[in-house]
Structure formats: C-alpha cells, structure tokens
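**Q** Kindly generate the complete structure, drawing on both the sequences and the hints.
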Amino acid sequence: MEKSDQLIVCHSKASSIQVDNISVCAALHNLSGCAGVSGAVCASAGEGHPGGGSHRGTLSPTGNLVVAVCLGFIGTFGLLNNLLVLALFCRYKMLRSPINLLLMNISVSDLLVCVLGTPFSFAASTQGRWLIGDGGCVWYGFANSLFGIVSLISLAVLSYERYSTMMVPTEADPSNYRKISLGIALSWVYSLAWTSPPLIGWSHYGPEGPGTTCSVDWEARTANNISYVICLFIFCLIMPFLVIVFCYGKLLCAIRQVSGINASTSRKREQRVLFMVVIMVICYLLCWLPYGIMALLATFGPPGLVTPEASIIPSVLAKTSTVINPIIYVFMNKQFYRCFQALLRCETPRRGSSMKSSSKVPTKALRGGAVTGPRRTNDLLFMVASLGQPAATLPQLGPSFEPTNDVSKAPSSDIKPVIVSLVAHFDR
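Residues 25 to 452, numbered by the working numbering, are exactly what the sequence shown covers, in order.
Read the hints as simulated data drawn from the structure, not as lab findings. Computed from a predicted structure; not experimentally measured. Just so you know, not all the hints are guaranteed correct.
To be verified - Simulated pairs of lysine-lysine, BS3-like, Cα-Cα distance not exceeding 25 angstroms: (1) Lys274 x Lys358; (2) Lys358 x Lys203; (3) Lys358 x Lys117; (4) Lys358 x Lys292; (5) Lys274 x Lys292; (6) Lys203 x Lys274; (7) Lys203 x Lys117.
To be verified - Restraint-style ranges between C-beta atoms, simulated for each label pair: (8) Phe355 x Val269: 18 to 26 angstroms; (9) Met118 x Phe324: 44 to 52 angstroms; (10) Phe97 x Leu216: 27 to 35 angstroms; (11) Ala209 x Gly160: 22 to 30 angstroms; (12) Pro143 x Phe270: 46 to 54 angstroms; (13) Val93 x Ala334: 35 to 43 angstroms; (14) Val93 x Lys203: 38 to 46 angstroms; (15) Ala334 x Leu309: 16 to 24 angstroms; (16) Cys114 x Tyr184: 23 to 31 angstroms; (17) Leu368 x Pro85: 34 to 42 angstroms; (18) Phe270 x Pro221: 25 to 33 angstroms; (19) Arg202 x Cys114: 20 to 28 angstroms; (20) Gly325 x Arg369: 49 to 57 angstroms; (21) Met118 x Thr331: 44 to 52 angstroms.
Backbone N, C-alpha and C define an ideal beta-carbon position, used for all residues, glycine too.
**A** Here it is, written out as structure tokens:
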C-alpha cells in the first residue's frame, strides 16, 4: 500500500472512531503513516487524563505561569499568616478563649489547604499538567473540598456564636469551652459528610478546568452528579452565607438601637462594626460565589460554556480565602493585633479593656460609685456598672427593680454577671 492510500485509510479511521482515551490514540499513532492524523485528532484526549494535562483544553505557557505565580503568592502568604495566628495563640494564654478556638479552627483548615493542596496545583501549573496521577487527583479534590468547607462552616458557627452570646444573656459564659468544642466538631463532621460521597459513588472527583487542579466533576450531566452539585451548592455555600448575614445583621441592628447611650462613641463603634461586617460579607462572596457560579454553569450550561481560562480564575479566588481569613478575623481583632505587636517588640502585651474577655460587662466610672438602673431598648436590656460593682444578672431584674444610688443596695458582688457588652465584643 502506498503512502497516499495509507493516509486515506488513517483519515477514515480517525473520523469513524470516537476518541475517548489515550490507548486509541496510541494505536492510531502506531499505524504507519498515521502519526500526523493521530497528533491532530488525539491532542485533547491525552489532555483529558489526570496525568495528561487538561480536562477540556490547556492554558498557554503564559497562562500557566500567571496561575503558578498567583498560587505561589497565595500558598506562601497563607502559610505565613496562619502559622503566625497559631504561634500567637500558643504564645499568649489570654488569647485562649472559647470563641478564639473557632478562629484557630479556621486557621488550621486554611493552613492544611496551604500545605496539602496548593503546592500540588502550583507544581502542576509550572508544568502545564497534573503530575501525581489519578489517585493524587482524587486525594487533592477530597482534601481541598474538606478543608474549604470546614472553613466556611466555621465562619458560620463563629457568626452564630457571636449572635447567641450577645442576644441571649444565658449563653454568655466565657468558660463554655464545651459548646465551642461541639461547634468545631460539627464543622469537621458536616464537611466530611458532604465531601465523602464522591468517594463512594455519589458524583466523583476528577480534573478541573485546564487540568492543573482537581475537584468535583462539575461537567458530568448524569442525574447522580447533578443532584450532588445542587446539594453541595445549597448546604455548603448558600446556607453558611445566609447564617452569616442573618447573625451579623441582627447584631448590627442591636448596636444601632443602643446608640443613645453614648451618641458619639456609639456612632464610631457602629461605623467600625458596619465596616467589618461589610468586609466579611464581600470577601466571602468574592472568594466563593464565583466558584459556585462556575460550578453551576459547568453543570447546567451548554457544553464548552466554561473555558479552561474561565474555570481557573474562580478556583484561584477560592484559595485566596486562606490569606484573607486571618486578616479579617484575626488581625482586625484588637486582642490578636496587640499580641502581634507585643510579639514583634518582644514584650508582654498590656492588659487593657480590649484584652479582657468579651463577656465582661463594660464599666464606667461614676462619681458616687453607683450602679445605674437598666436601660431597655425594645427587647434588649443594657446596664452600666461602676468600676467597683458588677451589673446585676438578668433573671434578678424584674418589673419591681428600681435604680438606686446607694452602693449598699446594689447587687451583691458575688453574683455572676451575664449581661453581655456588644461593644466589648466587637472591640476585641
């Protein structure tokens, strides 16, 4: 058979075969005269394999370099930020409050992403292909999904803990490590419950975008996969976001209601809290909403709608949460920030009002050392206590309670205060 006849046969075979794996391409390549045809037809098939480069296509060398630089920056600063948070927590006992344990849980999960996830996607981006095979792809997808959802659920638990501590006086117990421990355990169990199904047949983990990262297979159009994507989107993205918005929104409304206690000071605090809440919500949406939208478009949109270039951007944005979370939830926290300053200066941080537990009642020096009566705003009760006298507990304040200027008639100092200061908490 002459070479021209061989080429005709090769083109016929290439057009009649649906190329789904590398072995078919190799067979075509081994046929005499078919090397050119197999190279053109089978380029994308090799890329669809976890070790072959890309799921639907590849990025250009420049694109891979940009992604590698971004991942290197995220991995480095995420690692340093979260290690610093853990170092501060271990160095200063005053930081080991129950609510700070939730911040530590977020830092641990983000640190694990930086150690067990980002280096592999960084290495893959430098080479333009996935490097550690099918098993490594499944492990990467599972581990990063697990740690990412732990972080999201921890943020929701943190917002609920702040809400319950401020709005429900009986919950204001600074030594209640048991409740916080249950919240931390919940974040891991809940995340494990939603990231394990792909390992046992409900959807599956595979290459994502240009093939340099791995995650849930968003593009499979089976009922099995679509049902999992919908549940994952609702229960692991939308619900935590709604909890965060509801809890911080209620707290912000409560702070606005008590602005009459000290108008100028409350206005500054209100603006500071509003700024922090807005930053939290914006960063949450910036990091995770694009990824969720990309996943839904890949699942329900027309095939090929989400290009490799478009899919890698939300993936990188989601990983930036490992850098942003410590900045927002820790370094915007005065308690951690003062300890950080003390660490840099190699000195012991001074214990000020902002270094105390968030459950302490704020104090105000009064001339007579008296305790003023309760100030009620709608359903919230606030008190101002003198430096020498704590505020009374909520259960003991009935309709017959009257303000007094007599210190001897003030509530006994052995009563444990449970009224919580919104201001003291948000100043932390």
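**Q** Using the C-beta atoms of Val93 and Ala334, is the stated range 35 to 43 angstroms upheld?
**A** violated (19 angstroms)
**Q** Taking 23 to 31 angstroms as the hint, is the beta-carbon distance of Cys114 and Tyr184 inside that range?
**A** holds (26 angstroms)
**Q** Range first: 25 to 33 angstroms. Now tell me if the beta carbons of Phe270 and Pro221 are that far apart.
**A** Hint holds: Cβ distance 28 angstroms, inside 25 to 33 angstroms.
**Q** State, for the Cβ atoms of Ala334 and Leu309, whether the hinted interval 16 to 24 angstroms holds or is violated.
**A** holds (18 angstroms)
**Q** Is it true that the C-beta distance of Phe97 to Leu216 lies inside 27 to 35 angstroms, as the hint says?
**A** holds (30 angstroms)
**Q** Quick one, are Lys358 and Lys203 close enough, alpha carbons at most 25 angstroms?
**A** Measuring from Cα to Cα gives roughly 24 angstroms; hence the hint holds.
**Q** Honestly, do Met118 and Thr331 meet the 44 to 52 angstroms range at C-beta?
**A** The hint (44 to 52 angstroms, Cβ to Cβ) holds, given that Met118 and Thr331 are roughly 50 angstroms apart.
**Q** Measure nothing beyond the straight line between the CA atoms of Lys203 and Lys117; if it is 25 angstroms or shorter, mark the hint as holding.
**A** holds (20 angstroms)
**Q** Hinted pair, alpha-carbon criterion (25 angstroms max): Lys274, Lys358. Please report holds or violated.
**A** holds (22 angstroms)
**Q** Within 46 to 54 angstroms: is that where the Cβ-Cβ distance between Pro143 and Phe270 falls?
**A** The hinted range 46 to 54 angstroms is violated for Pro143 and Phe270, with Cβ atoms some 37 angstroms apart.
**Q** Do the beta carbons of Ala209 and Gly160 sit within 22 to 30 angstroms of each other?
**A** This hint holds: roughly 29 angstroms between Cβ atoms.
**Q** At the C-beta level, are Phe355 and Val269 separated by a distance inside 18 to 26 angstroms?
**A** Once the Cβ atoms are compared, 23 angstroms apart, the range 18 to 26 angstroms for Val269 and Phe355 holds.
Comparing the model with each numbered hint stated earlier shows that hints 12 and 13 do not hold.
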